[in-house]
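Enquirer: Letter by letter, the chains look like this.
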Amino acid sequence: MVHEHDVIIVGAGLAGLRVAIELVKDFDVAILTKVHPLRSHSVAAQGGINAAMGENDSWETHAFDTVKGADYLADQDAVEILTREAPITVIENERWGTAFSRKEDGTIAQRPFGGAGFPRTCYTADRTGHNLLHTTFEQAMRLGVKIYEEYFVTSLVRNESHVVGLTAMEISSGEVLGFAAKAVVIATGGFGRVYARSTNALINTGDGCAISLRAGVPLKDMEFIQFHPTTLFGSSILMSEGVRGEGGYLINTEGTRFMNTYAPEKMELAPRDIVARAISTEILEGRGFENEYVHLDLTHLGKERILERLPGIREISMHFAGVDPIDEPIPVQPGQHYSMGGIDCDKHGATSLDGLYAVGEASCMSVHGANRLGGNSLLETLVFGRVVGATVGEYLKSAKSESHDIIDEEVFKTRERLQEILFRESGESPADIRKELTEIMDAKVGVFRRPEEIEEALKVIREQRKRFESVALGGSDKKFNYSLIRTLELENLIDLAEAIALGALMRQESRGAHWRLDFPKRDDERFLKHTLVIMSDHVMRIEYKDVNLGQFEVKERTY
Amino acid sequence: MMFRIARSREGGEINHYDLYKIQTRKGMTVLDALFQIQDKMDASLSFRYSCRGAVCGSCAMLINKEPRLACRTQVSMVIDQSMKLKPFPPIIEVPHGWDKETEILIEPLPNFPILKDLVVDMTKFFDALEELKLWESPTDGDETRIQSPKDRKKIERYVNCILCAICFGSCPVNYEKEEYLGPAALAKAWRFNQDTRNPDAKKYLESAQQPKGTPMCDLIMNCVKACPKGVAPGGAIRKMK
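Residue numbers (the numbering used here), protein chains in the order written: chain Z, -1 to 557; chain U, 9 to 249.
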């Protein structure tokens, strides 16, 4: 049996829900998600959502900060949409019920964030993603959006010219089912779990990016991985930029606020790539505690401010590191945080495959270029959720349904493939492959990159793909087989890791989050370009594509 | 450290308990231990997870007879902790052979149908949100509404709810009465009722006060003790009663 809808959205975080809300009145729309919508990673976003709403602030200033933060690799036409639509997007969610933190006069409070010329980050304490996601989910519920909950997407189905649907495994039964749709929207978020040390939820495995790549759709700018400067030592849980926005200091073993050396003007509020490199340098040069971490010190902020503005940070520090930031500094180190790259698409979410759209962290439009500013990712999900929804609506008006035969065929093939894994009695352990893969990415394709190390990583990634061919789970059941799901996710991670490493190897320059020790300078002549990774016949190749420049002239980037 | 884990291959009832020996390390959480089992010992063990940082609400389960988030519970601290919950059958009845001193006991969250092992059917929990229509019905307008920090503070506690269902699983009334809407949904109704921005606040209170809502609560307050986020649903219900 094949389920049929006008449009299927894969992923139920903020971006996916917002697309569905845009379309539900006029079309038969369904969301397919591997977890309940409220378990999506949007829920974990802490610091806030940017919008130029302050008196002297403007969308142009916000756009400039974003483009400069992106080290000029962002497409300026997409950034214009992001920043122009920001205030109305925040207003919409406020009117849906999000309980933003307030200033004394009752208007929405805004805090300073890294790389921003104004305090323009709206927030709800340090639980902004949680509030926005619950509110947006409430609205999706109100509008009666159909949700296939706990379905794991296994492949896209396409014909010569356009997408016709997808296959997915119903997690509760283990059955593979077919879904027909005139349009498919990928909103599966980032792929942080390519790295062992990541702030991301365990479910962030880039499933939508991987199935798109395998369906012949290019991925873009995959080498641009954001390492968040401050993740909790031990568990890599995010310690929001809001902590520094509220006045937190970064301190090394010598008791020095070392950001003075790296960004004397912006100090702790320099953009993330710069702060992450600063911390890594301090640790590498022997000024880290236990050679592993630095201190994020809030003790001077006082109990009251910490309790009011950063209660979630305090709770996490206490429960996961045994540290109360009112009394002691928090041990932090950089860790993977965000995927600037993703599915190559234009500013309306359209990919090179007709009927396939991408939105949110899974997409690369690109609004973040080589480095995303804090507070711009929640914004991206909601602004482009609406934009992509409207675009899909236009497309649906003239799109036609296709025969289901090709979907049935793909369901059959997928079922066979999964059974082969399930029935294999002995073989390689997925946990071992995952460990080797993610640890080599931490070690060799991290904050500082060397070509020989990236090549080493590529070799290990390809070995893991070979090992994966004989992966075996050990005895498991059909129902709720999370071992199988984690194994299928691992397959996705292997492809994405290779795309990241290839992009990183070929880009012989340093820009934003991509830092090559052998090419420490930006090279606009050769690399003011987007990287495209294309897979055909199981082989990946790289192409380059121009950046859409605009009103902001490409300049040197200093803070 | 030994883990004794409730198993239910086909769902419905707990069929038996399996015993696993965990290699512990500093800072290890119960969720880490469950992954160690799934990765190294028994691929068939099923449990839900997502954020591993106590914000998504996926991994609520019964740990040593107390409902907790597995990701936020340190293995080293389980044995000494106590929520002092008022007892009811699922947290009283102990499986044969459980050695409290040396084993951590893991079971599915009570008051929900078991689907497989530690995975439960949360349909009725989420259905209650829909039944009470726990959302704003937005009106047109192109400006944000005004709310003083003091008014915002009134709902702070309740907007922090992550809908993990630990309150529902800790509630003796939910155990006895299938139809009771449960603490989380009622506390959320109070959140909307108390939100000064909401023009239609009364409707949430009225729907919460239906027979299977607040009148059914016996103010036992297990929900307040068990909530991992300090939401204190019982306090909200008391005010609505």
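Just so you know, the hints here were simulated from the structure itself, not pulled from any lab data. As the structure is a prediction and not an experimental result, all values here were calculated from the model. Think of the CB as a built atom: it goes at the ideal place given N, C-alpha and C, for glycine as much as any other residue. Hints should not be assumed to be uniformly reliable.
As the list claims (entries may be wrong) - Which chain U residues face chain Z? A few, computed with CB under 10 Å, are given here:
{"hint": "1", "residue": "F96"}
{"hint": "2", "residue": "P103"}
{"hint": "3", "residue": "W106"}
{"hint": "4", "residue": "L137"}
{"hint": "5", "residue": "W143"}
{"hint": "6", "residue": "F200"}
As the list claims (entries may be wrong) - Label-pair ranges, simulated between beta-carbon atoms:
{"hint": "7", "chain 1": "U", "residue 1": "K48", "chain 2": "Z", "residue 2": "E461", "range": "37 to 45 Å"}
{"hint": "8", "chain 1": "Z", "residue 1": "E414", "chain 2": "U", "residue 2": "P95", "range": "35 to 43 Å"}
{"hint": "9", "chain 1": "Z", "residue 1": "E461", "chain 2": "U", "residue 2": "R33", "range": "23 to 31 Å"}
{"hint": "10", "chain 1": "Z", "residue 1": "Q506", "chain 2": "U", "residue 2": "E139", "range": "58 to 66 Å"}
{"hint": "11", "chain 1": "Z", "residue 1": "A441", "chain 2": "U", "residue 2": "D88", "range": "55 to 63 Å"}
{"hint": "12", "chain 1": "U", "residue 1": "T204", "chain 2": "Z", "residue 2": "E252", "range": "48 to 56 Å"}
{"hint": "13", "chain 1": "Z", "residue 1": "K411", "chain 2": "U", "residue 2": "E21", "range": "34 to 42 Å"}
{"hint": "14", "chain 1": "Z", "residue 1": "G284", "chain 2": "U", "residue 2": "G35", "range": "18 to 26 Å"}
{"hint": "15", "chain 1": "U", "residue 1": "T204", "chain 2": "Z", "residue 2": "K519", "range": "52 to 60 Å"}
{"hint": "16", "chain 1": "U", "residue 1": "I100", "chain 2": "Z", "residue 2": "G232", "range": "34 to 42 Å"}
{"hint": "17", "chain 1": "Z", "residue 1": "K519", "chain 2": "U", "residue 2": "S90", "range": "53 to 61 Å"}
What the hints assert, rightly or not - Stretch-level coverage of chain U by chain Z, calculated; a stretch enters the list once three of its residues show a Cβ under 8 Å from a Cβ in chain Z:
{"hint": "18", "segment": "22 to 30"}
{"hint": "19", "segment": "160 to 168"}
{"hint": "20", "segment": "180 to 191"}
{"hint": "21", "segment": "224 to 235"}
Enquirer: Taking the numbered hints from earlier one at a time, note which ones the structure violates and give those numbers from smallest to largest.
Expert: Of the numbered hints, 1, 2, 3, 7, 8, 11, 18, 20 and 21 do not hold.
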